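Asker: Each chain is listed here by its residues.
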Amino acid sequence: MTNLSQDPKAISGDFDGRFGDFGGRYIPESLNHAVVELERTFNEAWADPEFMATYLSILNSYGGRPSPVTKCNNLSRSLGIELYLKREDLNHTGSHKINNVIGQALLTKRMGKTRIIAETGAGQHGVATATAAALLGLKCTVYMGELDTERQALNVFRMKLLGSEVVAVTSGSRTLKDAINEAMREWVACVEDTHYCIGSVMGPHPYPYMVRQFQKIIGEEARPQINALIGNDPDFVIACVGGGSNAAGTFHAFVESRSALIGVEPAGGAAVGRGVPGVIHGMRSQFLQDEFGQLQEAHSVSAGLDYPGVGPEHSYLSAIGRAQYESVNDEEVLSAFQLLARSEGIIPALEPAHGLAYIVREAGKAIPFGSSVLLTMSGRGDKDAETVAHMLGYFQ
Amino acid sequence: MGEILIENETSCSLEVRLRSQRAKGRKILVPYVTGGYDDSWLETIQAIAEAGADAIEIGIPFSDPIMDGPIIQAASQQALDRGVTPASIFAQLEKLDIDVPLIAMTYCNLVFHSGFERFGGWLSMGGVTGTIFPDLPLEESHKWSDYAESIGIANILLVAPTSSISRSQEIASASRGFVYGVGLMGVTGIRASLAESASKVASSLKAITDRVVLVGIGISTPQQAKEVAQVSDGVIVGSALVKRLLDGEGPNGAYAFISSLRSGLDDL
Numbered sequence: 001m002t003n004l005s006q007d008p009k010a011i012s013g014d015f016d017g018r019f020g021d022f023g024g025r026y027i028p029e030s031l032n033h034a035v036v037e038l039e040r041t042f043n044e045a046w047a048d049p050e051f052m053a054t055y056l057s058i059l060n061s062y063g064g065r066p067s068p069v070t071k072c073n074n075l076s077r078s079l080g081i082e083l084y085l086k087r088e089d090l091n092h093t094g095s096h097k098i099n100n101v102i103g104q105a106l107l108t109k110r111m112g113k114t115r116i117i118a119e120t121g122a123g124q125h126g127v128a129t130a131t132a133a134a135l136l137g138l139k140c141t142v143y144m145g146e147l148d149t150e151r152q153a154l155n156v157f158r159m160k161l162l163g164s165e166v167v168a169v170t171s172g173s174r175t176l177k178d179a180i181n182e183a184m185r186e187w188v189a190c191v192e193d194t195h196y197c198i199g200s201v202m203g204p205h206p207y208p209y210m211v212r213q214f215q216k217i218i219g220e221e222a223r224p225q226i227n228a229l230i231g232n233d234p235d236f237v238i239a240c241v242g243g244g245s246n247a248a249g250t251f252h253a254f255v256e257s258r259s260a261l262i263g264v265e266p267a268g269g270a271a272v273g274r275g276v277p278g279v280i281h282g283m284r285s286q287f288l289q290d291e292f293g294q295l296q297e298a299h300s301v302s303a304g305l306d307y308p309g310v311g312p313e314h315s316y317l318s319a320i321g322r323a324q325y326e327s328v329n330d331e332e333v334l335s336a337f338q339l340l341a342r343s344e345g346i347i348p349a350l351e352p353a354h355g356l357a358y359i360v361r362e363a364g365k366a367i368p369f370g371s372s373v374l375l376t377m378s379g380r381g382d383k384d385a386e387t388v389a390h391m392l393g394y395f396q
Numbered sequence: 001m002g003e004i005l006i007e008n009e010t011s012c013s014l015e016v017r018l019r020s021q022r023a024k025g026r027k028i029l030v031p032y033v034t035g036g037y038d039d040s041w042l043e044t045i046q047a048i049a050e051a052g053a054d055a056i057e058i059g060i061p062f063s064d065p066i067m068d069g070p071i072i073q074a075a076s077q078q079a080l081d082r083g084v085t086p087a088s089i090f091a092q093l094e095k096l097d098i099d100v101p102l103i104a105m106t107y108c109n110l111v112f113h114s115g116f117e118r119f120g121g122w123l124s125m126g127g128v129t130g131t132i133f134p135d136l137p138l139e140e141s142h143k144w145s146d147y148a149e150s151i152g153i154a155n156i157l158l159v160a161p162t163s164s165i166s167r168s169q170e171i172a173s174a175s176r177g178f179v180y181g182v183g184l185m186g187v188t189g190i191r192a193s194l195a196e197s198a199s200k201v202a203s204s205l206k207a208i209t210d211r212v213v214l215v216g217i218g219i220s221t222p223q224q225a226k227e228v229a230q231v232s233d234g235v236i237v238g239s240a241l242v243k244r245l246l247d248g249e250g251p252n253g254a255y256a257f258i259s260s261l262r263s264g265l266d267d268l
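Chains as they are written, first to last, in full-length UniProt numbering: chain A, 1 to 396; chain B, 1 to 268.
Rather than coming from a laboratory, the hints here were simulated on the basis of the structure.
Heads up, some of the hints might be wrong.
What the hints assert, rightly or not - A short list of chain B residues far from chain A (calculated; beta carbon distances all over 10 Å):
hint, residue
1, Arg22
2, Leu42
3, Arg167
Unchecked claim - Straight-line alpha carbon distances no greater than 20 Å define the calculated DMTMM-like cross-link-like pairs of lysine to aspartate or glutamate that follow:
hint, chain 1, residue 1, chain 2, residue 2
4, B, Lys143, B, Asp99
5, A, Lys160, A, Glu150
6, B, Lys95, B, Glu50
7, A, Lys365, A, Asp235
8, B, Lys143, A, Asp21
9, B, Lys200, A, Glu192
10, B, Lys143, A, Glu150
11, B, Lys206, B, Glu196
12, B, Lys243, B, Asp38
Unchecked claim - From the derived model, a few chain A residues whose C-beta atoms are all more than 12 Å from chain B:
hint, residue
13, Leu135
14, Ile230
15, Pro368
16, Gly370
17, Tyr394
None of these values were measured; they are calculated from a predicted model.
For every residue, glycine included, the Cβ atom is placed at its ideal position computed from N, Cα and C.
All chains should be built: construct the whole structure from the sequences, respecting the hints.
Answerer: Set out below in structure tokens:
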């Protein structure tokens with residue numbers, strides 16, 4: 001069983017909710033009480049051996065952890081690098097999201113709350129939350145942009161099958177950012193018995209920090225695993241970035257290593273790469289905005305990365321130069337999606353296919369031949385098969 | 001419970017004005033209008049000033065209004081779709097000639113994105129003397145509050161039904177202009193009946209501060225306004241007015257509705 005490190009600090013030192021100039025807690029006063037209670041409950045739980053034992057035992061016996069690191073022999077040969085995947089796609093519910101929701105569902109019970117709400121883009125976080133709610137006997141409502149309920153109709157059915165209510169959000173751009181707005185509005189009205197289970201390393205403190213802590217199991221498993229395979233830390237550690245939870249969870253264990261850290265964003269939603277600092281959804285971070293500070297819509301083939309902002313830790317890692325953020329376009333992603341399926345027998349989710357697309361494009365360039373590369377395979381592609389089939393003209 | 005804190009007199013004109021209204025025994029009425037929701041929005045503001053508003057909140061439309069319910073969301077979206085920007089709202093307000101203080105109500109990204117000096121310049125140009133940012137809580141508010149005060153603008157802070165007494169005291173002390181008591185746990189919108197929390201938040205604030213205490217969110221009718229104002233110094237009414245504007249009642253409908261609220265409050 002993996003034991004998570006107890007370190008209560010973020011890389012910026014004693015943790016007060018700021019990652020350098022980023023983070024903070026920009027919320028309506030009505031939510032202050034709940035967010036402060038959550039911070040206290042999380043800190044107590046994280047230091048409580050009994051809580052940690054329960055959390056890790058669910059992740060292992062129910063979630064399928066630890067997930068393996070797999071070497072991609074065929075792709076390594078053709079790209080001229082050593083490529084390893086951290087297999088979060090093998091987790092129960094098909095992605096890394098389960099690591100976070102089990103933690104937050106347990107906290108919900110610890111706070112004596114009976115209901116959990118969540119936002120979802122592609123539906124991965126919604127399905128994971130609905131799963132945790134079913135497991136732990138909580139009521140659950142998931143907010144999803146109306147456009148995404150159409151793009152990911154099967155995930156809507158999955159959530160309902162798991163006993164959750166799904167609300168299609170019709171305001172604004174009808175995507176992830178609007179689902180977050182609506183979940184926050186609902187939370188203001190029902191905060192006394194309801195916990196808002198945010199799905200990424202974003203939102204007001206303690207969420208970016210707390211979700212990173214729940215996700216850092218990815219990197220804390222992967223570092224010894226890859227060291228056992230290659231006798232060293234890899235030259236590159238790469239992960240896709242929407243809000244950035246799988247990347248934050250992967251990077252954390254490597255921040256003080258020699259490995260280069262690269263987050264890969266969709267070209268149409270590159271909040272670190274093309275955004276500017278702003279204060280939205282409870283946090284100061286990088287966002288895509290117009291000249292007056294209105295939040296812009298992100299556009300990506302992957303609903304899970306369709307978010308015009310990013311978690312504050314990534315803004316910070318970028319600002320201090322510790323991690324670098326690159327982007328890839330939808331075409332590169334589609335081709336990487338197919339490449340991994342054909343060459344390794346692994347159908348990736350469209351989100352981590354962004355990471356692979358960057359590796360394929362940069363092998364022999366920004367990633368020199370012979371480099372060792374660890375990519376977090378944050379989810380599996382079952383949910384995307386239909387979308388990709390349509391895009392490739394298979395259903396014509 | 002502690003004593004009532006007597007806050008230092010401030011130089012900001014909004015607070016001076018509201019305190020003097022209260023001293024005359026008048027209950028304070030602050031309607032909210034979304035800036036630029038249609039072509040007649042300036043006439044609407046004129047009309048509600050004439051109908052007896054003591055100050056007027058102008059909503060500056062924001063793409064992601066997390067404290068607003070469906071009515072104000074729809075008005076904001078309608079304004080954004082018409083191409084309204086913060087700069088265009090303040091430029092139009094400059095043309096307004098009324099003797100009622102204006103307060104800008106919006107979300108804090110607009111001020112952070114533009115920068116304090118640019119945003120402050122717009123406020124001054126539009127004759128605005130107060131700001132409300134529902135997503136800028138006490139801990140994050142100091143820099144803007146200090147800057148705003150230096151240019152004569154009051155930054156108004158909110159107290160929720162869930163705020164503790166000691167926290168409410170801190171907020172009331174840091175707030176300028178007035179203290180905004182949030183009448184219920186929820187976002188802006190019309191409610192059929194008045195939440196119990198509305199009068200509670202008013203009485204708990206009145207017990208700890210001598211700042212003007214106004215209650216908003218979920219106050220939709222003259223009867224509800226009257227009930228809260230028995231305890232508070234006055235009320236803020238948003239969605240109930242904006243709903244009428246979205247329904248096309250225009251400046252005349254706004255005048256009639258605000259007059260009915262006014263006469264209800266004057267009965268007290």
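Asker: Are the hints correct? Go through all of them and say.
Answerer: Results for each hint:
The claim that arginine 22/B is not at the interface with chain A holds, since no C-beta of that chain comes within 10 Å of its own (minimum 23 Å). Every Cβ of chain A is farther than 10 Å from the Cβ of leucine 42/B; the closest lies at roughly 20 Å, confirming the non-interface assignment. Distance check on arginine 167/B: its Cβ comes as close as 8 Å (rounded) to a Cβ of chain A, failing to clear the 10 Å threshold; non-interface status is violated. For the suggested pair lysine 143/B and aspartate 99/B, the alpha carbons sit about 29 Å apart, so the restraint of at most 20 Å is broken.
Between lysine 160/A and glutamate 150/A the alpha-carbon distance is near 15 Å, which keeps this suggested pair within the 20 Å criterion. Taken as a hint, the lysine 95/B and glutamate 50/B pair is honoured in the structure, with Cα atoms around 16 Å apart against an allowance of 20 Å. Straight-line distance between C-alpha atoms of lysine 365/A and aspartate 235/A comes to about 14 Å, which keeps the hinted pair within the 20 Å bound. Between lysine 143/B and aspartate 21/A the alpha-carbon distance is near 14 Å, which keeps this suggested pair within the 20 Å criterion.
For a cut-off of 20 Å, the pair hint linking lysine 200/B to glutamate 192/A stands: about 17 Å separates their Cα positions. Pair hint lysine 143/B plus glutamate 150/A does not hold up; C-alpha atoms about 43 Å apart against a cutoff of 20 Å. The hinted pair formed by lysine 206/B and glutamate 196/B meets the criterion: a straight-line CA distance of about 16 Å does not exceed 20 Å. A threshold of 20 Å between alpha carbons decides the hint, and for lysine 243/B with aspartate 38/B the separation of about 13 Å falls inside it, so the pair holds.
For leucine 135/A, the non-interface assignment is confirmed: its Cβ lies about 29 Å from the closest Cβ of chain B, beyond the 12 Å cut-off. Every CB of chain B lies more than 12 Å from the CB of isoleucine 230/A, the least distance being 45 Å, so the non-interface label holds. With a least beta-carbon separation of about 40 Å from chain B, proline 368/A lies farther than 12 Å from that chain, consistent with its non-interface assignment. Under the 12 Å C-beta cut-off, the non-interface status given to glycine 370/A relative to chain B holds; the minimum distance is some 45 Å.
Once the 12 Å rule is applied to beta carbons, tyrosine 394/A is consistent with being away from chain B; the minimum gap is 36 Å.
In this structure, the hints that do not hold are numbers 3, 4, 10, in rising order.
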